[in-house]
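Asks: One line per chain: the protein sequences are A and B, in this order.
Just so you know, the working numbering puts 60 at position 60 of the first sequence, and the rest follows in order with no gaps.
Just so you know, the working numbering puts 169 at position 22 of the second sequence, and the rest follows in order with no gaps.
Hints were generated in silico from the structure; no laboratory data involved.
Just so it is clear, CB atoms sit at the ideal spot from N, CA and C, and this is done for glycine as well.
Heads up, some of the hints might be wrong.
In silico lysine-lysine, DSS-like type, Cα no more than 27 Å apart, as pairs [unchecked claim]: (1) Lys292/B / Lys71/A; (2) Lys344/B / Lys309/B; (3) Lys184/B / Lys211/B; (4) Lys211/B / Lys366/B; (5) Lys281/B / Lys348/B; (6) Lys218/B / Lys71/A; (7) Lys274/B / Lys71/A; (8) Lys309/B / Lys292/B; (9) Lys344/B / Lys274/B.
Partner residues aside, some chain B positions facing chain A, computed with beta carbon under 8 Å [stated by the list, open to error]: (10) Ile153; (11) Ser221; (12) Ser222; (13) Pro224; (14) Asn226; (15) Asn227; (16) Lys274; (17) Val295; (18) Ala354.
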Amino acid sequence: MKKINFFADIILVFLFGLFQSLSLIAFYGVKPNFLLSLLVVLLFSVKNFWQYLILVLTAMLSLGYSVPVAKEIIVFGAIMLSAFYFKKYLTEHVFLSSFFLTAILTTALYAFIDYRFIFNNLNVFLLEMAYNLLISAILGFLLAIHI
Amino acid sequence: MRFAIILLLTMALFSVNIASVKNYFLSFVNKEDLISKLELENDSLRAELYIAENLENKQSQNGKWEYSHAKVFSSYPFNNQNLISINLGLSDNVENHSVVVAVPGILLGQVTQVQENASLVRTIFDKNFTVAVKIGENKINALLKGGVPPILEMIDKNSGVKSGDFAYSADQNFPYGFKIGEIQLMEGDDAAEPFKKAVLKINYNPALLEEVLIVNNFKPFKKL
Chain A
1 MKKINFFADI ILVFLFGLFQ SLSLIAFYGV KPNFLLSLLV VLLFSVKNFW
51 QYLILVLTAM LSLGYSVPVA KEIIVFGAIM LSAFYFKKYL TEHVFLSSFF
101 LTAILTTALY AFIDYRFIFN NLNVFLLEMA YNLLISAILG FLLAIHI
Chain B
148 MRFAIILLLT MALFSVNIAS VKNYFLSFVN KEDLISKLEL ENDSLRAELY
198 IAENLENKQS QNGKWEYSHA KVFSSYPFNN QNLISINLGL SDNVENHSVV
248 VAVPGILLGQ VTQVQENASL VRTIFDKNFT VAVKIGENKI NALLKGGVPP
298 ILEMIDKNSG VKSGDFAYSA DQNFPYGFKI GEIQLMEGDD AAEPFKKAVL
348 KINYNPALLE EVLIVNNFKP FKKL
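All chains, please: the whole structure from these sequences, using the hints.
Replies: Structure below.
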């Protein structure tokens, strides 16, 4: 059952990535980062680093919008992988940890790929942050993780 | 629950992304994409008619431009840029800074990076996209700043620009007269401000674009 769940997680990550790369959903012109929110939630359900690495690599593959792989995708993957090591410093309360991690990772993503975007488009950045936090909460509930 | 979410996402992706499956479902259930395509085609014809009736050198515009059809692979997944990836590249004689349109006469963006078999296009919805435009029959000057939606800035307060007026390209890096959108909302009633702003209405959903056109026989003056 655990193997089936992990396989389902891989498919889920891939589909979320495709969804995001097609930019199908945007609220007031701002696209939520579904993939970041999903990976944060799954961070608390994977058993080891290698499982999480597979999920992150799947995410990067599904996000790939250019060849060779764009630096933004590499930065995204690196940030998500680094989150695995910071997990141990977080509280045992999954909901609070997801909330905190989603906010930190969203900020880190734009800080590394284009820090000026945060200051020049603060409203867009904050709106995306709000969407990501909401999606993390919903996904956590749906995937039956204690939130 | 995982499998339910997977099933829903798969259905959503297939209904939008896979052309044959989408067209199959469209013929029975969902007419929205067909309506969107017809609206875009209508917009293109209206733009060409507007150019022919109102702009200079109208005879030279008709049938002047040659296009290559390109499929849209995907789009930039984050919010700090608005780029799309298309399936034509160096091997198809695409050059950097080539002009890209949604349909003939409707400006979409400009090629920003070219690889052997693919290219990246910066669209008018990108915050780094700027282009000089003219508005309406009186050819009022303005500056388009990319975004969602694009904004027209530096419009003379006494120019008489109104909702519904067309905005078209008047920049040396783009073919003259390509329609970009229509004025939807005017801003800037403050008497202290010398200029007005306007929100541009775009009559198509960029997320639903499956195919775009590259203008083959236009050489931009310089890069964006």
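Asks: Next step is simple, just say for each hint if it's right about the structure.
Replies: Hints versus structure:
1. Between Lys292/B and Lys71/A the alpha-carbon distance is near 25 Å, which keeps this suggested pair within the 27 Å criterion.
2. For the proposed pair Lys344/B and Lys309/B, the alpha carbon gap of about 11 Å is at most 27 Å, so the pair holds.
3. As the CA atoms of Lys184/B and Lys211/B are separated by approximately 23 Å, the hinted pair is consistent with the 27 Å bound.
4. Of the pairs offered as hints, the one joining Lys211/B and Lys366/B holds, with about 13 Å between alpha carbons and a cut-off of 27 Å not exceeded.
5. A threshold of 27 Å between alpha carbons decides the hint, and for Lys281/B with Lys348/B the separation of about 15 Å falls inside it, so the pair holds.
6. A threshold of 27 Å between alpha carbons decides the hint, and for Lys218/B with Lys71/A the separation of about 23 Å falls inside it, so the pair holds.
7. A hinted pair counts as satisfied when its Cα atoms are at most 27 Å apart, and Lys274/B with Lys71/A qualifies at roughly 19 Å.
8. Restraint check: the Cα-Cα separation between Lys309/B and Lys292/B comes to about 18 Å, which is no more than 27 Å; the hinted pair holds.
9. A threshold of 27 Å between alpha carbons decides the hint, and for Lys344/B with Lys274/B the separation of about 16 Å falls inside it, so the pair holds.
10. This hint holds: Ile153/B has a C-beta 5 Å from the nearest C-beta of chain A, less than the 8 Å allowed.
11. A hinted interface residue such as Ser221/B counts as satisfied when its beta carbon comes closer than 8 Å to some beta carbon of chain A; here the least separation is about 4 Å, so the hint holds.
12. Annotation: interface hint on Ser222/B holds; nearest CB of chain A at approximately 4 Å, less than 8 Å.
13. Interface hint at Pro224/B: satisfied, since its Cβ lies 5 Å from the closest Cβ of chain A, which is below the 8 Å cut-off.
14. Restraint check, Asn226/B versus chain A: the minimum CB separation of about 5 Å is within 8 Å; hint holds.
15. About 4 Å separates the beta-carbon of Asn227/B from the nearest beta-carbon of chain A, less than 8 Å, and the hint is met.
16. Restraint check, Lys274/B versus chain A: the minimum CB separation of about 7 Å is within 8 Å; hint holds.
17. Checking Val295/B against chain A by beta carbon gives a least distance of about 3 Å; that is within 8 Å, so the hint holds.
18. Residue-level restraint check for Ala354/B holds (minimum Cβ-Cβ distance to chain A is 5 Å; threshold 8 Å).
Going through the hint list in order, the structure satisfies each hint without exception.
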